[in-house]
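Keeping the supplied structure of chain A fixed, place chain B upon it in accordance with the hints.
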Amino acid sequence: MAAAFAVLIGLQLVGEVLRQTLHLPLPGPLIGMALLTIVLVARGSAGAAAEQAVSPSLLKTSNGLIANMGLLFVPAGVGIISELGVLRHEWQAILAGLLISTVLGLAVTGLVMHHVSRVAGARHRSAPDVPAEQQVTP
Amino acid sequence: MNHVLLSVWQPLGLTPLPWLAVTIAAYVLGQMLQRACKGAPLANPVLIAILVVSALLETTGTPYARYFEGAQFIQFLLGPATVALGVPLALNIKHVRRSFAGVGLALLAGSLTSALSGVAIVAWLGGDRAAAFSMAPKAVTTPIALSLSQEIGGIPALTAALAIAGGIIAAIVGRTMLRWLRVDDWRAHGLAAGVAGSGVAASQVAPLNGMAAAFAALGIGLNGLLTAAIVPLLAMLWPR
Numbered sequence: 001m002a003a004a005f006a007v008l009i010g011l012q013l014v015g016e017v018l019r020q021t022l023h024l025p026l027p028g029p030l031i032g033m034a035l036l037t038i039v040l041v042a043r044g045s046a047g048a049a050a051e052q053a054v055s056p057s058l059l060k061t062s063n064g065l066i067a068n069m070g071l072l073f074v075p076a077g078v079g080i081i082s083e084l085g086v087l088r089h090e091w092q093a094i095l096a097g098l099l100i101s102t103v104l105g106l107a108v109t110g111l112v113m114h115h116v117s118r119v120a121g122a123r124h125r126s127a128p129d130v131p132a133e134q135q136v137t138p
Numbered sequence: 001m002n003h004v005l006l007s008v009w010q011p012l013g014l015t016p017l018p019w020l021a022v023t024i025a026a027y028v029l030g031q032m033l034q035r036a037c038k039g040a041p042l043a044n045p046v047l048i049a050i051l052v053v054s055a056l057l058e059t060t061g062t063p064y065a066r067y068f069e070g071a072q073f074i075q076f077l078l079g080p081a082t083v084a085l086g087v088p089l090a091l092n093i094k095h096v097r098r099s100f101a102g103v104g105l106a107l108l109a110g111s112l113t114s115a116l117s118g119v120a121i122v123a124w125l126g127g128d129r130a131a132a133f134s135m136a137p138k139a140v141t142t143p144i145a146l147s148l149s150q151e152i153g154g155i156p157a158l159t160a161a162l163a164i165a166g167g168i169i170a171a172i173v174g175r176t177m178l179r180w181l182r183v184d185d186w187r188a189h190g191l192a193a194g195v196a197g198s199g200v201a202a203s204q205v206a207p208l209n210g211m212a213a214a215f216a217a218l219g220i221g222l223n224g225l226l227t228a229a230i231v232p233l234l235a236m237l238w239p240r
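Chains A and B, in that order, are what the protein sequence lines are.
For the first sequence, our numbering begins at 1 and goes up steadily by one.
For the second sequence, our numbering begins at 1 and goes up steadily by one.
Don't read these hints as lab results, they were simulated from the structure.
This structure is a prediction, so every number in the text was calculated from the model and none was measured.
Do not rely on the hints blindly, as some may be mistaken.
[As the list claims (entries may be wrong)] According to the in silico footprint, chain A covers these stretches of chain B (three or more CB under 8 Å from chain A):
1) 23–32
2) 74–81
3) 102–109
4) 132–145
5) 219–233
Glycine included, every Cβ here is placed at the ideal spot set by N, Cα and C.
So here's chain A without its partners, still in its complex pose (with noise of 0.2 Å):
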């Protein structure tokens, strides 16, 4: 557990440091996560399966952490409460545009996303590694 969190902290930190350094334009947490993936993969590749790669406690730790992530947000979206003056005069046009471009992005995102890997998914259907857990009913 202990170990588990050093390392999500530790490549958060290095995600940081590889933001100023080299200016990218992603923020430190999302590089980590980005250079997370790559060792576990390339460790999944050098050995066994990818699931071998995944130490018990870094899985219990992240899902432990993304399983309550939701609280996490809470401490900021309670910050815009109480800025709530900057909506001033135009709140109706912004809350209009916020739920429209909102729904929109969902729907767009997600047809698209459907359709098309299901399409590709057709293509790929002679292929024997297509698993069974693909179309799980969400």
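Same frame as chain A, but now just chain B:
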């Protein structure tokens, strides 16, 4: 009674512990309410916790800065939690590699739709340039959104508010709407949450399925890069 409460609260109020406890308790309450509502999306625990904590700050007359002294420890965990998304991403790398075309096209279409429609609707409804461009980067992860907003002449504080509020909207409507559109695949649900609602929406879908978590993580990262590239171009079409 008030007197007793006050004498207990005042010394404690100086330490970060009470607001830390209140934040976690409010979130747990939100989760219990959602369970009681049989998982109704509108009973979103993040939204409930924000409203409960804000109401408590208001009634106790506590300034946000004082609250944040305690709550910052929770916010700090966002960093390692974001890094942790690399685990489901690595575990599902096979699926990611296989859906390269889908991810690329969906990302491009979704990201452009979200940014363009946000700016267009605000402008059409009479919002000024600053308000419209505060909307453009709102779907990306907050640190990127803030710096982009600054760069293109938006209002960073407004963008931050929109990023979180948009994430909550995406978390609330996401799964219901996509199922209604007959999108029944975790990759699409995860990617849409990451692209349209960033971390807040991802936090709703990621715990449900590893593949959704992987594609949400991918959506947040790639959308951050893409939006950072296209939004400044968009801003050049409407000069200050």
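Outcome of the hint check:
Interface restraint, the region 23–32 of chain B with chain A: holds (4 residues with C-beta to C-beta distance below 8 Å; minimum three). Requiring three or more residues with a Cβ within less than 8 Å of a Cβ of chain A, the coverage given for the region 74–81 of chain B holds, as 7 such residues are present. For the region 102–109 of chain B, the assignment as covered by chain A holds, since 6 residues bring a beta-carbon within under 8 Å of that chain's beta-carbons and 3 suffice. With 9 residues carrying a beta carbon less than 8 Å from a beta carbon of chain A, the region 132–145 of chain B meets the three-residue requirement, and the given coverage holds.
Only residues whose C-beta sits within less than 8 Å of a C-beta in chain A count toward coverage, and the region 219–233 of chain B has 6 of them, enough to reach three; the restraint holds.
Violated hints are absent here; each numbered hint is respected by the structure.
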